[in-house]
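Here the protein sequences come in this chain order: Z and D.
The first sequence: position 33 = 33 (our numbering), numbered continuously.
The second sequence: position 205 = 205 (our numbering), numbered continuously.
If you're looking for bench data, these hints aren't it; they were derived computationally from the structure.
Mixed in with the good hints, there may be bad ones.
Said to hold, decoys possible - Label pairs and their calculated CB-CB ranges:
no.: 1; chain 1: D; residue 1: Glu304; chain 2: Z; residue 2: Asp41; range: 20 to 28 Å
no.: 2; chain 1: D; residue 1: Ala2; chain 2: Z; residue 2: Met39; range: 51 to 59 Å
no.: 3; chain 1: Z; residue 1: Glu56; chain 2: D; residue 2: Arg481; range: 30 to 38 Å
no.: 4; chain 1: D; residue 1: Ala479; chain 2: Z; residue 2: Asp41; range: 52 to 60 Å
no.: 5; chain 1: D; residue 1: Lys72; chain 2: Z; residue 2: Gln43; range: 56 to 64 Å
no.: 6; chain 1: Z; residue 1: Glu56; chain 2: D; residue 2: Asp376; range: 54 to 62 Å
Each residue gets a CB set at the ideal place from its N, CA and C atoms; glycine is no exception.
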Amino acid sequence: MAEPSRATRRMTDARETVGISLMGSEEAHAALALVRAEMPDAQITDNDCFYKIEREGLLELDMAKLGELLGRPITVPEFLVNMSSYYGRIVINDGILQIHSDILPARFRG
Amino acid sequence: MATPKLEEVHDKSKRYDWGFDYAIPDPRYKTRYLIPPKGKDPFRVLIRDYMAMESEKDARVFGALDADVRYKTADFSEPRWVEGMKFAVPAFTDAEYQAVKGAGFLISCVQNQELRQGYAGQMLDEVRHTQLETSLRRYYLKNYHDPAGFDIGQRALGNHPVGTMARASFQPFNTGDPIEVAICLNVVLETAYTNPLVVALPQVAVANGDRALATTFLSIQSDESRHMANGYGTLMCCVQEADNVPFLNEALERHFWHQHMSMDTLVGVVSEYYSVHRPWVYQDVWEEWVVDDFIGSYMNRLKEFGLRAPSRLPDVARFVKDMHHSAALALAAIWPLNFWRIDPLTERDYEWFEKAYPGWHARYGGFWDMYRAMSDPSSGKIPMQTLPALPPFCQVCHAPCVMPRFDAPETRVFEHAGKRYAVCSEGCDWIFKLNPTIYTGCANWWEPWHGMNLADVIEALGYVRPDGKTLMAQPHLGASRMWTLDDIRRLDYIIQDPLRS
């Protein structure tokens, strides 16, 4: 039998990592700058036409701060135009986008 | 005046719920699940925000398509890639259309107001995706130098021996228990498998000069993100009832195997065999998006609720190493029955495959050498003539029964209610036996064509160019000498249904 793939070794692990994929755009570039400034431990991958940002535990994007970098106000729905994908548990609040590794963030309890 | 906070407006919107008191609910498929009335839509979708967001998305996609027309990028794309889109894009559109119906099905069946609001957004999204993909196909049709096949894409897909994999894979989006529709569509397909397809594949498109597909797909996937959240909301709602847990585990097991068979085949073949420039190896992409992100960061975190990752995951990993090589080989072997062109692999391709999949050349190189030797009509031969028998198609997933390896298939042939059936694997055998009624309604693809000349079959399928004689499919990309119905008729190749006793 062939050597097990990398996947075989990871299959039962529960990961703390969360991620977001942003298609290339002005808003995505501002988000990358924000992540680099506020979450230097995040890993950013450039995939030619989209970026994948991954981090342990939590990713949080504050639209007020993003607007500062863009030079204009931006709402969460306007930002979501650029979000191709995510993994983890997403929570949308007024002006804040969060992705939690927690399977049941506070909003979903009770 | 300050704008009200999203949380407050969203809560207020839920007070405008509506009931079903004007009609007696009579669902086509009843659910075996207990559905608690409380559930959460993670995105807090409001129609005013939704409309503004989608309008901006469309403006960006159609603006980019307009630029692609202006700069004639279709003819700068690799022809091998665009040919593959003749097969792939209709398959994606089939998924979207089935999902339109699926979301409507969920709205009418799941009486949970907040989840229903999420499904309502999803239904509009799926209509948008169907339209976007139709626009993309029109773009190829009008701008690519050899459009034959794009013009009949959806019909051609539905009649194609491997194209029926799409219908088999996507019809569970709107057939059966409503909660299992959400498990299949939202949890398994959209959360696990749209990422390799709709996020990672655009990188391959760009590498092969096709910006139109990349722009369209990345925008489509921005909606899929909300659908993933609908799946999460549905799942977390249903796990509140302990009696639902065994059903959920069975549904995850079933749909994960089935979606793996179709999606790993489709994305693997398109990304590696229908491309010239390959930015990644499909097995790595599968490990990243399906194993790490879906299984590791999602399924394996659900253990506290009694849910478990599909037990066939190791088998899926085993299949992913080989199955798209076998499927690509099968599609090339039956090339006269296609409605797109597949050119022979080159030495450069051979080197890439050997490096990515050590041992590839010893296993598959011989076939591709033969394919190249038979690509010109003057050879007077087609690969189908060299097969000891035609492979049957799986009665569950409709893949050709050459899986995971064409030289070591795990096909099972059996009798059920007096008729012979084939399945491609233990996983599909298990699914068939869960509910045979679902899978016995359609004939094996070869059955109606048994005893017919291959040329007559191609003509009946409509896979012929407007001159009435030249095949849409060609085993090369050259234009000088194309195969015709007469070339095929001269071979005197008669279809033999492999399941006929």
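Results of checking the hints against the structure:
| no. | hint | verdict |
| --- | --- | --- |
| 1 | D/Glu304 / Z/Asp41: 20 to 28 Å | holds (27 Å) |
| 2 | D/Ala2 / Z/Met39: 51 to 59 Å | violated (30 Å) |
| 3 | Z/Glu56 / D/Arg481: 30 to 38 Å | violated (59 Å) |
| 4 | D/Ala479 / Z/Asp41: 52 to 60 Å | holds (55 Å) |
| 5 | D/Lys72 / Z/Gln43: 56 to 64 Å | violated (38 Å) |
| 6 | Z/Glu56 / D/Asp376: 54 to 62 Å | holds (56 Å) |
When each numbered hint is compared with the structure, violations occur for hints 2, 3, 5.
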